[in-house]
Amino acid sequence: MSASTTTVTRAPRTPLVRIPDVRLRSAWRLWQRNAAIYRKTYRVNILPNFFEPFFYLLAMGIGLGAFLEREVLGFEYIDYIAPGLAATAAMYGTSFEVTFNCFVKMQFGKVYDAAMATPLTIEDVGLGELLWGTTRALIYGQVFVLIAAGFGVVHTPLVIFTPIAIALIGMMFSVIGLTFTAIIPLIDYFTYYWTLFITPMFLFSGIFFPVSGLPGWAQVLAWFMPLHHSVNLMRALTLTGDVGGAILAAAWIVGITALLFVFPLNLLRRRLVK
Amino acid sequence: MSVVVARGLTKRFGEFEAVRGVDVEVRERECFGFLGPNGAGKTTTMRMISCTSPPTDGELSVLGLPSSRGRDIRRRMGVVPQENNLDEEVSVVENLLIYARYFDIPRRVAAPAAEELLRFVALQDKRDWRIDRLSGGMKRRLLIARALINEPELLILDEPTTGLDPQARHLVWEKLRSLKREGVTLVLTTHYMDEAAQLCDRLVIMHEGRILIEGPPRELVARETSPQVIEVFEPDEDAARGLRDLADLAERVERLADRWLFYTADGDALLAKVRGVVPDPGSVWLRGATLEDVFLQLTGRGLLE
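Here the protein sequences come in this chain order: A and B. Note that our numbering gives residue 59 to position 59 of the first sequence, counting from 1, and the numbers run on in steps of one. Note that our numbering gives residue 144 to position 144 of the second sequence, counting from 1, and the numbers run on in steps of one.
One chain only, chain A, in its complex shape (with noise of 0.2 Å):
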């Protein structure tokens, strides 16, 4: 004690890896009151996310495809870009929620704090929200599959394992929203996550043309993209059939999604837990 009459002893912060203080059945709570008021509101939310990648495939797919004259690595135009934007539907229907509906929630709504008062922990809501924001990716990434199976876009029998692939694909980009929007301190700072972030992996992850014909460096900018590897697990797994690749990409995607997982859980407590 003689030590502190002449520093003051500061409260400890949240360390950034720690094992969180989590059970699965509380967070399970938090995602059940999501799609309770999921339930509510989803006429007006299942819009902007849901249509954006189907507007791209009919206007890319099927208004640029028709004047193409070479086919893109041997398939037609719309198989080609197909799965990317099933990604992309998976990525979009995950970030919107775990990035502005989160900090609302967090913020404006203290829905939060609310369930902090019971016996949740932060943990268990951070987790309920990965989980709820997963659930958005196979809600907006399989109905996408579904209508462009339709299209004629669907190849390969391991089509039956895009669901796993897109509830991977959505944990991962949960994961990184959450870590983002638990640091930030004003909602305006989600432009930086949209437009330097979303955007350009959206562009340059090998949707629309293939990352071999781009520069070496930008192939290897390309390899630490998401996206990049959700593209390849999704074209693997409806176009190509190739199971190497998939395992591949699914590993890529599981390690980055199991290395950056505590982080938002952490973060959160730190932001919250005062």
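Keep in mind that the hints were calculated from the coordinates and are not lab data. Take these hints with a grain of salt, some might be off.
[As the list claims (entries may be wrong)] In silico DSS-like pairs for lysine-lysine, Cα to Cα no more than 30 Å straight-line:
#1 B/K180 with A/K110
#2 B/K126 with A/K40
#3 A/K40 with A/K110
#4 B/K126 with B/K175
#5 B/K126 with B/K180
#6 B/K139 with A/K40
#7 B/K175 with A/K110
#8 B/K139 with A/K110
#9 B/K139 with B/K175
#10 B/K126 with B/K139
#11 A/K110 with A/K274
#12 A/K110 with B/K126
#13 A/K274 with B/K126
[What the hints assert, rightly or not] Which bits of chain B does chain A cover? Going by a derived footprint, with three or more residues having C-beta under 8 Å, they are:
#14 86-94
#15 192-203
Glycine is no exception: its CB is placed at the ideal position from the N, C-alpha and C atoms.
Chain A is fixed; fit chain B onto it per the hints.
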């Protein structure tokens, strides 16, 4: 049995010490109040007691468990927050049902409990309303109902009537008294002295992170201040000079922004003298001391300095 026991409870935010070694004991079935001006550390203390904010130092047990066992404690406790944090997108009754899930209460138990709680807070006619249609008083009552969904042994309320109109306040008070009769222990913060005097069996007055005094409201008034008070409203300069000469006759004189307060055991005798130096009889009156006088005596001087 004591429901809350705190020893040397301390909370620091960086270098700022919000709560500085608080000792407090809340007994079963009582209503215990934390009073103090804004920034006194009341809310921070309450957040530690409700196990949403870990203490920096000191010991804290709630419902017989160490505060580190937050999940188990919160399962048996209800919290009414200062700020509305209801789920705006769903109806009144759905708010209760969603909250019940957080406590793992099965639907067949939660559904009838929710209807009963809505009757208790007189919101049964509003059960299908969306939250944005409710008035401030209704929202507060719904927050109270929500905090009761798990049949808590301890109910924590942070400024339960701040911002409510007088009718709504009295309705909330009545509900809190009936909960107390049913055996729920209540801990609340307030800066309304009348609220504390009305509801609390015992209270503490906090200031700058410390507890200044503790006891039943009436006892505190008897112990900490003189029984009678003469108030003089905005005396002019001549009157003020005369009042200064009378100051020695009072046990204590307090000067607020707009009035002088003379504390005395013999109000009638001093009143006659005060009337002699203040020409306007309408600006002088005698009253019994209240909790507010204790509060001002302990914390009020800072406002003038």
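Open item on the list: Flag every earlier hint the structure violates by its number, smallest first.
Closed with: 13 and 15
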